[in-house]
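Visitor: Protein chains in written order, with our numbering: chain A, 2 to 942; chain B, 115 to 368.
Keep in mind that a hint or two might mislead.
Listed below are the simulated DSS-like cross-link pairs for lysine-lysine, each with C-alpha atoms no more than 27 Å apart in a straight line [what the hints assert, rightly or not]:
no. : chain 1 : residue 1 : chain 2 : residue 2
1   : A       : Lys409    : A       : Lys473
2   : B       : Lys334    : B       : Lys350
3   : A       : Lys597    : B       : Lys159
4   : A       : Lys597    : B       : Lys158
5   : B       : Lys251    : A       : Lys106
6   : A       : Lys871    : A       : Lys367
7   : A       : Lys799    : A       : Lys931
8   : A       : Lys409    : B       : Lys174
9   : A       : Lys159    : A       : Lys267
10  : B       : Lys174    : A       : Lys473
11  : A       : Lys599    : B       : Lys163
12  : B       : Lys265    : A       : Lys267
13  : A       : Lys472    : B       : Lys169
14  : A       : Lys918    : A       : Lys367
15  : A       : Lys255    : A       : Lys599
Quick caveat, the hints were computed from the structure, so don't treat them as lab data.
Take a look at the letters that make up each chain.
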Amino acid sequence: MKYRCFCYTTSRFRISDDLCNLYIVFTKYALMKFKIAVFIICCCFTLPAFTQNHYTVKGVVIDTASGSKITDATVTVLSEKDSILQKFTYSNKGSFEINNLQPGKFLLMVTYPDYADFVEHFTLDEAHPEYSFGNIGMILKSKLLNEVIIKSKVAAIKIKGDTTEFNAAAYATQKNAKVDDLLKQLPGMKINQSGAIIFQGEEVSKILVDGEEFFSDDPALVSKTVRADMVSKVQVYDQKSEQAKLTGMEDGVKVKTINIVLREDKRKGLFGKAEGGYGTDDYYMGQAALSKFSPKEKISAYGNMGNIGQSGLNGAAANKFSIGSAAFSFGGFGLPVARDGGIHYDRKWNKDKQSVNGNYNINRLKTEDRSSALVQNNLPGNFNTSIRNSGSNYVFNSQVADLNFKSKIDSVSDLSMQIRGSASNRQSVGFSNGSTMRGNGVLLNESDRISSGSSENQNASLSMNYTRRFKKKGRSLSANAASSYGESEGESSLISDLRYYNAQGLLDSTSRIDQYKPGFSRSRNLSGGFSYTDVLSKTLSMSAGYNFSAANSKDEQRAFDRSAALPDNVLDSAFSSDFRLKTLTGNYNAALTYSKDKVYANAAINVADISYRQHDELQGTQLNRDFTNWLPNATFRYQLNKAASLSFAYNGESRQPQASQLQPLRQNSDPLNIYLGNPDLKPEFSNRFSYNYRVYQPTQDRGINFRGNYLTTFDAIVSNRMTDSAGANIYQSSNLSSARPSSWNIYTEFYGHATKLDFIVSINLTVNGYTSFNYINNQLNKSKRVSYAPQLDIWKNKGTYSYSFSIGPNYTTGSSSLQKAINNNTRGFFTSLNYYTKLPLNFFMGSDINYKYTAKNQVFDRSFEQLLIKSYVGKTFLKSEGLKVTLSGNDLLNQNSGYSRYSSDGNFSESRSATIKRYFMFSLSWDFSKFGKSLQPQQGS
Amino acid sequence: MKVFLFFIGICLLQETASMAQNRHFITSGIIEFERTVNMFALVKKKVTKTTMENKPYYEKYLQTEPQFRKLNSVLIFDADATLFTPRPSENVHWWYDTPMANQLNIVFSDLKGRKSTIQKEFYERTFLVTDSIRKIKWKITEETREIAGYKCRRANGIMLDSIYVVAFYTDEIHISGGPESFNGLPGMILGVAVPHENVTWFATKVTEKAIESKAIEPPKKGRQVNNKELYDEIMKAIVIHGDYAVTVLKGLLL
Numbered sequence: 002m003k004y005r006c007f008c009y010t011t012s013r014f015r016i017s018d019d020l021c022n023l024y025i026v027f028t029k030y031a032l033m034k035f036k037i038a039v040f041i042i043c044c045c046f047t048l049p050a051f052t053q054n055h056y057t058v059k060g061v062v063i064d065t066a067s068g069s070k071i072t073d074a075t076v077t078v079l080s081e082k083d084s085i086l087q088k089f090t091y092s093n094k095g096s097f098e099i100n101n102l103q104p105g106k107f108l109l110m111v112t113y114p115d116y117a118d119f120v121e122h123f124t125l126d127e128a129h130p131e132y133s134f135g136n137i138g139m140i141l142k143s144k145l146l147n148e149v150i151i152k153s154k155v156a157a158i159k160i161k162g163d164t165t166e167f168n169a170a171a172y173a174t175q176k177n178a179k180v181d182d183l184l185k186q187l188p189g190m191k192i193n194q195s196g197a198i199i200f201q202g203e204e205v206s207k208i209l210v211d212g213e214e215f216f217s218d219d220p221a222l223v224s225k226t227v228r229a230d231m232v233s234k235v236q237v238y239d240q241k242s243e244q245a246k247l248t249g250m251e252d253g254v255k256v257k258t259i260n261i262v263l264r265e266d267k268r269k270g271l272f273g274k275a276e277g278g279y280g281t282d283d284y285y286m287g288q289a290a291l292s293k294f295s296p297k298e299k300i301s302a303y304g305n306m307g308n309i310g311q312s313g314l315n316g317a318a319a320n321k322f323s324i325g326s327a328a329f330s331f332g333g334f335g336l337p338v339a340r341d342g343g344i345h346y347d348r349k350w351n352k353d354k355q356s357v358n359g360n361y362n363i364n365r366l367k368t369e370d371r372s373s374a375l376v377q378n379n380l381p382g383n384f385n386t387s388i389r390n391s392g393s394n395y396v397f398n399s400q401v402a403d404l405n406f407k408s409k410i411d412s413v414s415d416l417s418m419q420i421r422g423s424a425s426n427r428q429s430v431g432f433s434n435g436s437t438m439r440g441n442g443v444l445l446n447e448s449d450r451i452s453s454g455s456s457e458n459q460n461a462s463l464s465m466n467y468t469r470r471f472k473k474k475g476r477s478l479s480a481n482a483a484s485s486y487g488e489s490e491g492e493s494s495l496i497s498d499l500r501y502y503n504a505q506g507l508l509d510s511t512s513r514i515d516q517y518k519p520g521f522s523r524s525r526n527l528s529g530g531f532s533y534t535d536v537l538s539k540t541l542s543m544s545a546g547y548n549f550s551a552a553n554s555k556d557e558q559r560a561f562d563r564s565a566a567l568p569d570n571v572l573d574s575a576f577s578s579d580f581r582l583k584t585l586t587g588n589y590n591a592a593l594t595y596s597k598d599k600v601y602a603n604a605a606i607n608v609a610d611i612s613y614r615q616h617d618e619l620q621g622t623q624l625n626r627d628f629t630n631w632l633p634n635a636t637f638r639y640q641l642n643k644a645a646s647l648s649f650a651y652n653g654e655s656r657q658p659q660a661s662q663l664q665p666l667r668q669n670s671d672p673l674n675i676y677l678g679n680p681d682l683k684p685e686f687s688n689r690f691s692y693n694y695r696v697y698q699p700t701q702d703r704g705i706n707f708r709g710n711y712l713t714t715f716d717a718i719v720s721n722r723m724t725d726s727a728g729a730n731i732y733q734s735s736n737l738s739s740a741r742p743s744s745w746n747i748y749t750e751f752y753g754h755a756t757k758l759d760f761i762v763s764i765n766l767t768v769n770g771y772t773s774f775n776y777i778n779n780q781l782n783k784s785k786r787v788s789y790a791p792q793l794d795i796w797k798n799k800g801t802y803s804y805s806f807s808i809g810p811n812y813t814t815g816s817s818s819l820q821k822a823i824n825n826n827t828r829g830f831f832t833s834l835n836y837y838t839k840l841p842l843n844f845f846m847g848s849d850i851n852y853k854y855t856a857k858n859q860v861f862d863r864s865f866e867q868l869l870i871k872s873y874v875g876k877t878f879l880k881s882e883g884l885k886v887t888l889s890g891n892d893l894l895n896q897n898s899g900y901s902r903y904s905s906d907g908n909f910s911e912s913r914s915a916t917i918k919r920y921f922m923f924s925l926s927w928d929f930s931k932f933g934k935s936l937q938p939q940q941g942s
Numbered sequence: 115m116k117v118f119l120f121f122i123g124i125c126l127l128q129e130t131a132s133m134a135q136n137r138h139f140i141t142s143g144i145i146e147f148e149r150t151v152n153m154f155a156l157v158k159k160k161v162t163k164t165t166m167e168n169k170p171y172y173e174k175y176l177q178t179e180p181q182f183r184k185l186n187s188v189l190i191f192d193a194d195a196t197l198f199t200p201r202p203s204e205n206v207h208w209w210y211d212t213p214m215a216n217q218l219n220i221v222f223s224d225l226k227g228r229k230s231t232i233q234k235e236f237y238e239r240t241f242l243v244t245d246s247i248r249k250i251k252w253k254i255t256e257e258t259r260e261i262a263g264y265k266c267r268r269a270n271g272i273m274l275d276s277i278y279v280v281a282f283y284t285d286e287i288h289i290s291g292g293p294e295s296f297n298g299l300p301g302m303i304l305g306v307a308v309p310h311e312n313v314t315w316f317a318t319k320v321t322e323k324a325i326e327s328k329a330i331e332p333p334k335k336g337r338q339v340n341n342k343e344l345y346d347e348i349m350k351a352i353v354i355h356g357d358y359a360v361t362v363l364k365g366l367l368l
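Kindly produce the complete structure, drawing on both the sequences and the hints.
Guide: Following this line, the structure appears as structure tokens:
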């Protein structure tokens with residue numbers, strides 16, 4: 002009963018939380034026993050006849066404001082435990098008396114039209130057979146609303162099957178907050194520096210609004226544009242992949258999805274935001290977004306520009322179309338100048354039978370990158386170290402449009418269609434210079450490289466799906482067809498100088514490449530198929546399908562030497578390639594689903610027959626390969642009770658070698674790293690086991706999550722490295738039969754409320770491990786890496802202030818069997834503190850403080866330490882607090898250095914990049930919203 | 115203690131003021147109810163494991179008939195008694211007929227004497243059931259909604275041992291009655307839903323009116339029985355229904 006607060010205004014005018022639980026569980030036997038017990042007690046200690054009348058409650062109902070007595074107020078006695086109605090009466094000239102009660106604990110509820118309900122506890126027992134409330138002051142609701150806010154406690158989280166549902170009303174956000182401010186508060190949900198949303202350790206790749214795609218379900222766009230006060234519920238679940246949805250074939254791929262359910266009264270309205278800022282060193286930003294929602298139609302548009310790398314409206318779009326720019330995918334390395342904009346439109350009509358959903362995005366990104374990297378290459382019994390400084394300037398332009406149309410043709414058939422087109426171009430200029438030292442400190446080689454290039458890409462795709470349901474529920478047949486076309490044309494030039502040094506460190510030889518390289522590639526894809534689902538019994542259903550696809554591609558990369566001795570048009574055939582590739586795939590699929598009460602089980606198998614025909618136009622050779630790929634998967638889920646669920650999953654997958662592993666394009670863009678093909682590669686087969694256990698206690702708002710997975714691969718395709726005496730690396734893949742690489746991951750989280758200060762605490766532990774193999778100079782190298790990252794998070798959000806605090810040490814062990822003497826064990830530590838508080842006179846202030854430390858180790862001789870502080874102070878105007886003036890300072894200590902450290906395939910490397918550092922900015926923002934009159938007033942809020 | 119001080123404060127400050135906020139409360143009148151029956155769900159219940167032959171009827175019903183059947187009734191009340199009378203309605207085709215789809219009862223409730231007289235018609239027979247007012251165990255909730263212009267509070271109840279009932283009552287009419295045999299809340303019941311039986315009653319109009327006591331008279335027709343005797347009679351009549359008997363029983367007892 003802790004949740005009852007005992008200050009006057011709230012406790013007296015809220016209905017007990019017991020009442021909120023509408024679950025009727027009438028404990029008939031318990032009650033009967035209780036009555037018998039009462040009877041026995043009465044017999045033993047008092048005269049039965051006397052007990053009948055002397056348990057009484059009475060009082061006088063008055064109006065608090067005027068002091069006058071209220072006649073005809075309804076006075077009701079409920080049992081405290083289950084709020085079952087015991088007796089009631091109506092006040093007469095204010096006073097009431099209810100007799101003939103049993104001893105026990107009760108609630109007295111007094112109601113009167115237009116007055117707030119009065120609810121209070123009382124107890125009747127042998128010592129106190131009569132309870133008098135004296136005067137009960139009733140307050141008019143109109144007055145009450147100005148004085149106190151009645152808020153019932155709502156169950157914050159519901160777990161239904163594999164869906165976790167958060168009730169937005171249980172989380173407080175600031176005025177004008179956006180969805181990402183709400184998401185940050187949800188247990189298990191994190192938003193990292195680059196704006197990616199992580200739920201229980203897995204990245205969320207889609208956000209839907211009311212189940213509909215919004216800006217092509219780009220997570221950043223939804224979370225930055227939709228207002229938190231519009232949200233009723235946040236649901237998180239795994240969705241099937243796009244491919245599985247189109248073809249109806251279960252491929253075991255799960256896409257973590259968030260569905261934002263809007264409040265009924267916020268489905269119709271206009272809202273938006275405009276923000277602009279200018280700062281020192283010519284830093285600037287501008288953002289505008291405007292949306293108009295109605296139940297049948299949503300229109301939204303946004304525009305964004307800036308050079309502060311705001312990981313908002315631009316970050317996710319850049320990742321989505323795999324632009325590959327490092328500027329946003331590695332926590333803001335490089336100096337970006339971004340401009341982007343987009344429009345979304347969706348509409349339903351004809352009783353929601355037809356709907357259309359279209360999006361258009363335009364994006365321009367200019368990035369300047371300066372970085373330095375230190376790499377240790379492990380060799381049998383030895384190692385070498387290379388240092389490289391590089392710089393590049395990229396300009397990337399892209400436009401993407403998509404249009405989705407869905408129609409219910411009649412009550413049994415649906416048609417959906419999707420058209421998507423994109424165009425992009427890219428220019429880059431880059432240089433790098435580096436040197437490699439032998440393990441004993443003697444120089445091995447030096448390189449200088451200047452490259453420039455440009456390319457243009459166009460892609461278009463069309464897909465269609467038709468589903469027909471039959472009279473028998475659950476029986477359906479669907480057919481699908483898809484086609485896509487892509488083309489890319491580009492040119493590049495390369496000047497590379499290499500100097501090799503002998504064992505004494507004296508110049509041995511030099512090599513120079515000066516080439517012009519035009520390239521062209523094209524791919525066409527056509528696919529089609531059908532699937533059938535049927536219900537075998539109440540609990541069992543099946544699906545089966547067949548899909549066929551044909552892909553044709555051409556990839557042409559030519560190199561022309563540019564030296565004085567040769568004419569311009571002489572082809573360097575050693576570094577030119579022209580491949581034609583035909584792939585025919587036949588895909589068979591069958592799945593069985595069992596679902597009864599608390600158990601859900603699903604097993605599916607997918608077999609793909611692939612024929613691969615590659616023709617080398619330059620050399621006139623043909624490479625023919627046929628693969629059979631198996632994709633079994635199974636899921637088992639058990640709902641232990643309302644709040645706990647347990648699931649296991651298995652996914653098996655044969656992965657055929659990629660074209661670049663069989664026969665790579667002959668390239669010399671990096672003469673020190675050369676890739677060779679291996680036409681004899683077989684598919685590898687991976688097995689992935691995962692489990693997930695979740696419990697949530699609604700009354701305490703606390704829970705546990707356990708998740709984990711284990712992946713092991715048979716006949717793994719591994720990348721082998723030959724490092725020659727000159728320090729050049731030659732890579733070639735092969736199947737590994739003597740050992741099996743594996744990786745695993747464990748995520749554990751506990752969260753709950755601290756009782757007194759009422760903040761939320763979450764303790765979580767992430768452990769990742771992997772063992773991988775590859776051959777280095779024909780010797781098997783085993784790399785092992787395990788990282789432990791426990792973390793403690795504390796956060797609290799109220800209307801006027803919020804804070805969050807995180808702390809976590811981390812420890813990584815990394816070793817390579819070729820270099821037993823040297824390990825790459827790393828210790829590190831991070832802590833962060835964010836706070837925001839309102840100050841008097843509508844001022845506000847806050848800070849984000851992040852500290853990171855990575856200790857030195859046997860590979861890297863410097864420790865790394867960084868303290869980033871961002872602070873802001875401002876003032877809001879208007880009643881809605883929509884207008885805001887802010888002065889902010891980024892990286893106050895000027896310590897940001899774009900540092901990262903990693904290891905792979907027997908390499909350990911570390912890099913630092915130029916990045917955005919200290920600046921101060923003055924900005925002005927305006928949030929506005931106007932919603933239609935509420936259709937259904939929300940209860941209890 | 116805080117509460118006490120607050121009251122002292124109130125008393126000292128507000129002693130002189132005495133503006134009465136008293137409201138007018140209805141003590142007699144007429145309430146019109148509309149009963150809505152989800153026929154799709156009721157007809158479906160006729161299809162049980164042992165009566166699969168009814169399935170084609172059910173499927174035909176889905177295609178040819180409307181989902182909701184609406185029935186009207188009137189509740190006349192004064193401070194001491196209520197009389198619930200159904201208005202005549204069209205019959206349901208015998209293929210689809212089920213007791214829950216019809217209004218079988220004229221209910222007179224003597225609220226002071228805690229007695230009720232129900233004239234019940236089923237299977238072409240008429241009974242006059244005289245017994246004490248039906249007891250329903252109510253659990254009061256916080257939820258409210260407006261019905262026919264009155265603010266009503268939700269109560270969840272269990273009656274006849276196992277039937278789950280949701281009722282909405284208003285504390286602005288101080289009569290502890292309601293449609294059919296629903297009663298026992300601290301105010302007039304203006305809305306009832308019996309979710310598992312797919313039926314609801316909602317007041318469409320509340321009229322304040324002086325009622326002559328003659329207008330609220332117990333019904334008289336039918337064979338005199340009490341609840342126990344009625345139950346035995348019903349059991350005799352429905353044993354032939356097999357799986358479906360429970361559904362019929364609920365419909366007849368309601």
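Visitor: Next, verify each hint and record whether it holds.
Guide: Consistency of the hints with the structure:
Under the criterion of a C-alpha separation no larger than 27 Å, the hint pairing lysine 409 of chain A with lysine 473 of chain A is consistent with the structure, at around 18 Å. Distance restraint check for lysine 334 of chain B and lysine 350 of chain B: the Cα-Cα separation of roughly 24 Å lies within the 27 Å cut-off, and the hinted pair is therefore satisfied. With a CA separation close to 21 Å, the supplied pair lysine 597 of chain A and lysine 159 of chain B stays within the 27 Å bound. At roughly 21 Å between alpha-carbon atoms, lysine 597 of chain A and lysine 158 of chain B fall within 27 Å of each other, so this suggested pair holds.
Straight-line distance between C-alpha atoms of lysine 251 of chain B and lysine 106 of chain A comes to about 18 Å, which keeps the hinted pair within the 27 Å bound. Of the pairs offered as hints, the one joining lysine 871 of chain A and lysine 367 of chain A holds, with about 25 Å between alpha carbons and a cut-off of 27 Å not exceeded. Distance restraint check for lysine 799 of chain A and lysine 931 of chain A: the Cα-Cα separation of roughly 24 Å lies within the 27 Å cut-off, and the hinted pair is therefore satisfied. About 23 Å separates the Cα atoms of lysine 409 of chain A and lysine 174 of chain B, which keeps this hinted pair within 27 Å; it holds.
Taking the CA atoms of lysine 159 of chain A and lysine 267 of chain A, the gap is near 22 Å; set against the 27 Å cutoff, the hint holds. Under the criterion of a C-alpha separation no larger than 27 Å, the hint pairing lysine 174 of chain B with lysine 473 of chain A is consistent with the structure, at around 15 Å. Proximity of lysine 599 of chain A to lysine 163 of chain B is assessed by CA-CA distance (about 23 Å); at most 27 Å being required, the pair is judged to hold. A C-alpha spacing of about 24 Å is found between lysine 265 of chain B and lysine 267 of chain A, which places the hinted pair at or below 27 Å, so the restraint holds.
At roughly 13 Å between alpha-carbon atoms, lysine 472 of chain A and lysine 169 of chain B fall within 27 Å of each other, so this suggested pair holds. Using a Cα cut-off of 27 Å, the hinted pair lysine 918 of chain A and lysine 367 of chain A holds, with the two alpha carbons roughly 18 Å apart. In summary, the hint linking lysine 255 of chain A to lysine 599 of chain A is supported, as the alpha carbons are separated by about 21 Å, within the 27 Å threshold.
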